Amino acid sequence: MSDVLLHTRPAEGTDLPLAGWRHNVGKPLSLDFAGEAPRSLRSLVVLSWNVWIGRGDIVRVITRIRQGDYAQDGIPGDLPFVALLQEAYRAGDTVPPTSNSFHARDFSIRALHHEHEVRAVAGALQLNLRYAPSMRNGVHQSDRGNAVLSDLPFVGASARELPFVLQRRVAVGATVRLGERLVHVHSAHLDPRGGSARDFLGLVGRERQASALLEEIQADPDALRVLGADLNLVRQRREPAFRAFMEAGFVTGIPDPSLRWAHTFHRPPRLILDWLMVRDRGGAIASMHAIRLDENPQDRGPYVFGSDHHPLLCRIDFHP
Numbered sequence: 003m004s005d006v007l008l009h010t011r012p013a014e015g016t017d018l019p020l021a022g023w024r025h026n027v028g029k030p031l032s033l034d035f036a037g038e039a040p041r042s043l044r045s046l047v048v049l050s051w052n053v054w055i056g057r058g059d060i061v062r063v064i065t066r067i068r069q070g071d072y073a074q075d076g077i078p079g080d081l082p083f084v085a086l087l088q089e090a091y092r093a094g095d096t097v098p099p100t101s102n103s104f105h106a107r108d109f110s111i112r113a114l115h116h117e118h119e120v121r122a123v124a125g126a127l128q129l130n131l132r133y134a135p136s137m138r139n140g141v142h143q144s145d146r147g148n149a150v151l152s153d154l155p156f157v158g159a160s161a162r163e164l165p166f167v168l169q170r171r172v173a174v175g176a177t178v179r180l181g182e183r184l185v186h187v188h189s190a191h192l193d194p195r196g197g198s199a200r201d202f203l204g205l206v207g208r209e210r211q212a213s214a215l216l217e218e219i220q221a222d223p224d225a226l227r228v229l230g231a232d233l234n235l236v237r238q239r240r241e242p243a244f245r246a247f248m249e250a251g252f253v254t255g256i257p258d259p260s261l262r263w264a265h266t267f268h269r270p271p272r273l274i275l276d277w278l279m280v281r282d283r284g285g286a287i288a289s290m291h292a293i294r295l296d297e298n299p300q301d302r303g304p305y306v307f308g309s310d311h312h313p314l315l316c317r318i319d320f321h322p
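All the letters of the sequence shown, read from the start, carry residue numbers 3 to 322 under my numbering.
FYI, nobody ran anything at the bench for these hints, they're computed from the structure. What you are looking at is a predicted structure, and each value in this text was computed from that prediction instead of being measured. Backbone N, C-alpha and C define an ideal beta-carbon position, used for all residues, glycine too. Mixed in with the good hints, there may be bad ones.
Unchecked claim - Subject to a maximum C-alpha distance of 20 Å in a straight line, what follows is the list of computed SDA-like cross-link-like pairs (lysine to any residue):
| # | residue 1 | residue 2 |
| --- | --- | --- |
| 1 | LYS29 | SER198 |
| 2 | LYS29 | HIS142 |
| 3 | LYS29 | GLN143 |
| 4 | LYS29 | SER101 |
| 5 | LYS29 | LEU8 |
| 6 | LYS29 | LEU81 |
| 7 | LYS29 | THR100 |
| 8 | LYS29 | HIS105 |
| 9 | LYS29 | GLN169 |
| 10 | LYS29 | PHE104 |
| 11 | LYS29 | LEU43 |
| 12 | LYS29 | GLN74 |
| 13 | LYS29 | GLY79 |
| 14 | LYS29 | ASP71 |
| 15 | LYS29 | PRO78 |
| 16 | LYS29 | GLU249 |
| 17 | LYS29 | SER103 |
| 18 | LYS29 | GLY158 |
| 19 | LYS29 | PHE156 |
| 20 | LYS29 | PRO19 |
| 21 | LYS29 | HIS9 |
| 22 | LYS29 | PRO98 |
| 23 | LYS29 | ALA73 |
| 24 | LYS29 | ALA106 |
| 25 | LYS29 | ARG121 |
| 26 | LYS29 | ALA122 |
| 27 | LYS29 | GLY125 |
| 28 | LYS29 | ARG11 |
| 29 | LYS29 | ALA13 |
| 30 | LYS29 | GLU119 |
| 31 | LYS29 | VAL141 |
| 32 | LYS29 | GLU217 |
Unchecked claim - Ranges of calculated distance between the beta carbons of each label pair, as one might list FRET restraints:
| # | residue 1 | residue 2 | range |
| --- | --- | --- | --- |
| 33 | SER213 | ARG302 | 17 to 23 Å |
| 34 | ASP224 | ALA21 | 47 to 53 Å |
| 35 | LEU205 | PRO270 | 20 to 26 Å |
| 36 | LEU205 | SER103 | 38 to 44 Å |
| 37 | SER103 | ARG179 | 39 to 45 Å |
| 38 | ARG62 | GLN300 | 29 to 35 Å |
Take the sequences, apply the hints, and build the full model.
See the structure below:
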């Protein structure tokens, strides 16, 4: 196991509140637990999930995927695997012991001291982890952010701080090796609202954040990209942020135009907030098959595997 730090590229500018948010969280984290890479080199399974400040039972969901519970959906349990997590929860001494008041104010006591802490999850599942915190969870000595988990070896990783709108946001990117093929994966979470009355719905702010993320991605325009994100697009495909991804060459895997799910955010008002997108300018992908995971077959109950978001699961098959 290795435990090394992951560098975060800061957002442009020297906004004073943003500096306060930065100093209120722990350091980014890299851990390597996985042993040899899986044998199959022609397919990749991708899970994208907002785990609601660690409430989502990541171990349970990934265990179900690995043991073949979704094989009837065309996603067997023995394929190489990547999880793109939003609102992953990290607690411990690496987070400053006291808060400087720049923190999220929607943190519930229910998230304290539970078993879904992202380092513990990586260890329990023996997966490699790249995690970067976005914000502190209230006064508690913990933070939340985006993470990538995989049984494939990482050959590179990065974290990008997005323009400040309402709360600090840091997107995480990593490169996994699938045989001789490199796949660049990204986990991101855009702001749900704007930082001013003029942009209450956050359309302008999310467009700025999407543009900054795409600026990072455009550094290698021909690389194969997979993006799993809670984009918080309240106006869905009509938002400028969504159009920015489409104009940059991304296509949607979830929701696919043929998959008309009513929602991915499980609580009222039920909305499609979570997306899985790919950019494949080299034509490496032969096919994609995506499903939404439901804990209850009738999509009932207050939560989905503990979270207020549905996990999204996709199988990507590559050409030889």
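Going down the list of hints, with the structure as the test:
no. : hint                        : in the structure
1   : LYS29 - SER198              : violated (29 Å)
2   : LYS29 - HIS142              : holds (16 Å)
3   : LYS29 - GLN143              : holds (13 Å)
4   : LYS29 - SER101              : holds (15 Å)
5   : LYS29 - LEU8                : holds (8 Å)
6   : LYS29 - LEU81               : violated (31 Å)
7   : LYS29 - THR100              : holds (15 Å)
8   : LYS29 - HIS105              : holds (15 Å)
9   : LYS29 - GLN169              : holds (18 Å)
10  : LYS29 - PHE104              : holds (16 Å)
11  : LYS29 - LEU43               : violated (33 Å)
12  : LYS29 - GLN74               : violated (41 Å)
13  : LYS29 - GLY79               : violated (33 Å)
14  : LYS29 - ASP71               : violated (36 Å)
15  : LYS29 - PRO78               : violated (35 Å)
16  : LYS29 - GLU249              : violated (34 Å)
17  : LYS29 - SER103              : holds (18 Å)
18  : LYS29 - GLY158              : holds (17 Å)
19  : LYS29 - PHE156              : holds (19 Å)
20  : LYS29 - PRO19               : holds (18 Å)
21  : LYS29 - HIS9                : holds (9 Å)
22  : LYS29 - PRO98               : holds (10 Å)
23  : LYS29 - ALA73               : violated (38 Å)
24  : LYS29 - ALA106              : holds (17 Å)
25  : LYS29 - ARG121              : holds (13 Å)
26  : LYS29 - ALA122              : holds (16 Å)
27  : LYS29 - GLY125              : holds (18 Å)
28  : LYS29 - ARG11               : holds (13 Å)
29  : LYS29 - ALA13               : holds (16 Å)
30  : LYS29 - GLU119              : holds (15 Å)
31  : LYS29 - VAL141              : holds (17 Å)
32  : LYS29 - GLU217              : violated (23 Å)
33  : SER213 - ARG302: 17 to 23 Å : violated (39 Å)
34  : ASP224 - ALA21: 47 to 53 Å  : violated (36 Å)
35  : LEU205 - PRO270: 20 to 26 Å : holds (22 Å)
36  : LEU205 - SER103: 38 to 44 Å : violated (28 Å)
37  : SER103 - ARG179: 39 to 45 Å : holds (42 Å)
38  : ARG62 - GLN300: 29 to 35 Å  : violated (19 Å)
Consistency with the previously given hints fails for numbers 1, 6, 11, 12, 13, 14, 15, 16, 23, 32, 33, 34, 36, 38, ordered from lowest to highest.
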